[in-house]
Structure formats: structure tokens, C-alpha cells
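A.B. asks: Each chain, letter by letter, is given below.
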Amino acid sequence: MQELARWLSSLEPAAREAVMAQAHGVALPPETEVYAQGDPVEGMYIVLEGVVKELAAEEGCLRLVRLVGPGEVLGAGELFSETVQTMSAVTVRPTRLAWLSQPDLHEIFARHPSALLWVMQQFSTQLGELRSALVETVYVESAARLTRKLVSIAERFGERTPHGVLIDIKLSRDEWAALAGMAPETVSRVLHDLERRGWIALEGRRIRLLEEEKLRVHV
Amino acid sequence: MAQKRVAIQTERPKSPPICGVEGCAGCSWIFTGLEREGQQELRRLMRSVEYGEDEAIFHEGTPAFGFFIICSGKAKLIKQGPAGKRQILKIVGPGELLGEENLFDGGTHTASARTIEPTRARFIKREDFLDFLVRHPMIALQLAEKVARELQGFQAKLIETAYEGCRARLARLLLALAEKYGTVEGAIHAHISRTDLAEMAGISTETAIRTLGEFEERGLISLKRRKIAILDRPGLEEVAAPLAAEPIENLL
Numbered sequence: 570m571q572e573l574a575r576w577l578s579s580l581e582p583a584a585r586e587a588v589m590a591q592a593h594g595v596a597l598p599p600e601t602e603v604y605a606q607g608d609p610v611e612g613m614y615i616v617l618e619g620v621v622k623e624l625a626a627e628e629g630c631l632r633l634v635r636l637v638g639p640g641e642v643l644g645a646g647e648l649f650s651e652t653v654q655t656m657s658a659v660t661v662r663p664t665r666l667a668w669l670s671q672p673d674l675h676e677i678f679a680r681h682p683s684a685l686l687w688v689m690q691q692f693s694t695q696l697g698e699l700r701s702a703l704v705e706t707v708y709v710e711s712a713a714r715l716t717r718k719l720v721s722i723a724e725r726f727g728e729r730t731p732h733g734v735l736i737d738i739k740l741s742r743d744e745w746a747a748l749a750g751m752a753p754e755t756v757s758r759v760l761h762d763l764e765r766r767g768w769i770a771l772e773g774r775r776i777r778l779l780e781e782e783k784l785r786v787h788v
Numbered sequence: 052m053a054q055k056r057v058a059i060q061t062e063r064p065k066s067p068p069i070c071g072v073e074g075c076a077g078c079s080w081i082f083t084g085l086e087r088e089g090q091q092e093l094r095r096l097m098r099s100v101e102y103g104e105d106e107a108i109f110h111e112g113t114p115a116f117g118f119f120i121i122c123s124g125k126a127k128l129i130k131q132g133p134a135g136k137r138q139i140l141k142i143v144g145p146g147e148l149l150g151e152e153n154l155f156d157g158g159t160h161t162a163s164a165r166t167i168e169p170t171r172a173r174f175i176k177r178e179d180f181l182d183f184l185v186r187h188p189m190i191a192l193q194l195a196e197k198v199a200r201e202l203q204g205f206q207a208k209l210i211e212t213a214y215e216g217c218r219a220r221l222a223r224l225l226l227a228l229a230e231k232y233g234t235v236e237g238a239i240h241a242h243i244s245r246t247d248l249a250e251m252a253g254i255s256t257e258t259a260i261r262t263l264g265e266f267e268e269r270g271l272i273s274l275k276r277r278k279i280a281i282l283d284r285p286g287l288e289e290v291a292a293p294l295a296a297e298p299i300e301n302l303l
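Residue numbers (this note's numbering), protein chains in the order written: chain F, 570 to 788; chain U, 52 to 303.
Just chain F, same shape as in the assembly:
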């Protein structure tokens, strides 16, 4: 739980200790459900290590809405506004989480309001990202949007290797399409075009950014 102390470093010591004292560690292998849409809301997670995808049901299929990484909260929105989870959460990599139950959180918030302000800061960041994504979906052409997504995901979750930045997150074409707000066929076309230029390498479901700088200029 050392990472948890790091992510909570902006909290005053008493609030940080209260959160640390009530947090329970959870370790999950990849492709494991953390919770499903419709499950009762019982608490909130903080990602310590790994990546979790949040999926929303849309017209019978699950659409990837967000990737959640270390230091970010998961299932927190529903804690205040819903009784059931509005999305499903599934691990993408081996993942460790800190779980806090709803009654414990309410007690922490009542005694240490700064802990609540920390959660709200996370909401603000998410809101800012969502609004930017909305403007991009409306005004940025789809190829550029996917390239931007590749660069930003490489920044957050990529592993720097001697041969470029490896995005070791196994996402399907449909999931990339949902993340960038476009058709799966367009995803395939754009990825193959970037590969033909020698800027990325497609390694099964993994993607390696070979020319990060050129991709940045491109977007």
C-alpha cells in the first residue's frame, strides 16, 4: 500500500492516515471483472498498479468509455449519485487496487472533509478530459483523433523500450474505435496506414510507437 500513500500525498496527514487505515488491498489478474453494470454500489477503488477499462452498454454491446490507471479512482461517481454501478470495470493488466467501503468513506469524509475534496479533484480532472474528448469527437477528423489517442495512451501507460514505446494493453479494434469515437473499420484503416508509414508496429493486439515525434507532429 506504499503507492497509496504516494497518491494521497496532497492530503493532510490525518486524512491520509484515515484513508490508509480503512483501505483493503485487492489484486486481480488481467481480464477480470472488478464490478458489473447494475451491481450495487458498495465502495470505491483507487488504482495502485495496472489498468482497468470502464465499459458502458450501448445498443447491446459494451463500449469502452475510459481507461483508468494508477492514482485514479474507480466507481467513485456512483458513490454519490447512484445505488448501482452505471458501468462495468474489467482489468486489462495484472492490477492492484485499494478498496474503501461506502460506510468507511462516509465516516472519513465526515471527519476529514479534505479527503472528499481530493475525490472531487479527481472528478474535475475526469470532467476536463471528457469535455476535451467531446470537442475532439465533434471537430477533429477521425484519423487524427485515433493518433492523438495512441500518443496519449502511450504517455500514460506505455513502456519505453529501445525500439519505441510499447502499449502493452490488449484492446480490440472495437475498443480502440470506442475510445476514439469512430467505426472499427476506420480504426483498422488508420492503424495500417500508420504502420505503412513506419510510425507504429502492430504486434497482435499490442501496438508499438516507433516514431513518437512524427506521430505528435501528425496530430
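Fair warning: there could be bad hints in the mix.
[As the list claims (entries may be wrong)] Incomplete in silico selection of chain U near chain F, CB under 7 Å:
| hint | residue |
| --- | --- |
| 1 | 196 |
| 2 | 199 |
| 3 | 209 |
| 4 | 212 |
[Said to hold, decoys possible] A few chain U residues that don't get close to chain F, going by computed Cβ distances all over 12 Å:
| hint | residue |
| --- | --- |
| 5 | 67 |
| 6 | 116 |
| 7 | 254 |
| 8 | 277 |
FYI, nobody ran anything at the bench for these hints, they're computed from the structure. Backbone N, C-alpha and C define an ideal beta-carbon position, used for all residues, glycine too.
Since chain F is already given, all that's left is putting chain U on it; use the hints.
C.D. replies: This is chain U only, laid out in the frame that chain F set:
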């Protein structure tokens, strides 16, 4: 086939007026339950501000020194896109908050705000309000709920924008505007230009004008100058199609 249900935001009843000004219709529901001393404390933190029509309140990227409670008038929150394009994120009216989401994340405005009509508001400084929230955890929890609902609303809007056509988006927007602002003699009680409508729906102005014309030809709406009246609500709801994720608050 079952009748499609169109998800339209519902607003909560406002809290009693905090400012104490006669004729005030009340404040955002997040202040509901605030005891008398708390109201007085909040009132002492407020500063009155006034803006004319189409006047900037704050700009994207500039420091956020605090937030606003709208007393009268309307303002729009705008996010800048590439090549001068803009997306209207929402419109706020009396009792609603403006700029509150940037109280917690480092204090930079992530969107611009501009008045639509002459607007009076109360401004509260960021540090003062954060101190106030620490002393009034119930209001902090209600604000957390509001921001969480707004997050869900934008998630739904993002899915809508990515997967739905401009007709469905514009139809849903008209239904939501009618719900939020009501109608006078059938016409939506808000003067919103075609450009603003387009920027709210995330489509070009030309497409908005063409689609509105199409809705009028189909007898769904009538257009008179800047006024739009909904003539066939079930018909418009059918065009709107339901959202899988329900936008609860602040879709507009």
C-alpha cells in the same frame, strides 16, 4: 414495438434563496439543507457582479479565482476546438453554478463562459468556498453528487456524439431545451441562435439550419424568427431515439 423513451434531464427543486434578495427564485439544490448560520456565512462570501449581453465572464486557460451563482439571465460554457470551432458544453440559468468544476483541480478554467442575455450573478472566491466546504461537509457531499452527475451526463453525451446522427442529436437537444426552459405559446422560452444550437449539438450551422428546415417540413416543429415551437412531440421523440446511458444533469 414498445414506445421509445427519450431521456431528458430533470432538475431538482432549488434551495431557498441564499442571497436574501427579494424576488430571488432560489439557489442551486446543492445548498438545500444549509442551516441559517451557514447561509449567512455563505452570503458574506458573495460579491455581486453584472454583465451585459454577449459579454465574457471568464476565458478558457485563465486562472480560476472562484465560481459564480447565476441570479438572473443566462450564460453559456464554451470549449474551444481546433480552427476556431467551438462546442457549447452547457447553458446555465438562474440559481445554477458556473465554473464550480475548476475549484478543485489546480484552478485553471477548462472552458470559457459568456453571457447570452444580461446576467446578474454572485461570485465566491475559491479559497473562501473550499474553507466553507470543509466546515459544511453536507454541502460538499451534495456538490460531489452534482459533479458526479455532470460526469455521467458528459459520458452519455460523448457516446451520443460518437454514435448518433445529427438529426437525433438536434431533436434531443430541442426536447431538452423545451423541458429545461419551458414553452410560451408553444415556443421554447429561450432565445438561442442557430449557431448556438449547432454548437450545442456538435454539428455545423448549415446542417443545423437544414435539419431544422426538414423538421419543419415534416410538421415536427415550427420556426418563426429565432423562436422554435415543438408541434409534434411524439414525432420528435421518435427522431431523438433513446440514449442508452441516461444523461441526468447538465446535458445542456
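A.B. asks: Against the structure, test the hints numbered earlier, and report the numbers of the ones violated in rising order.
C.D. replies: Structure breaks hint 7 only.
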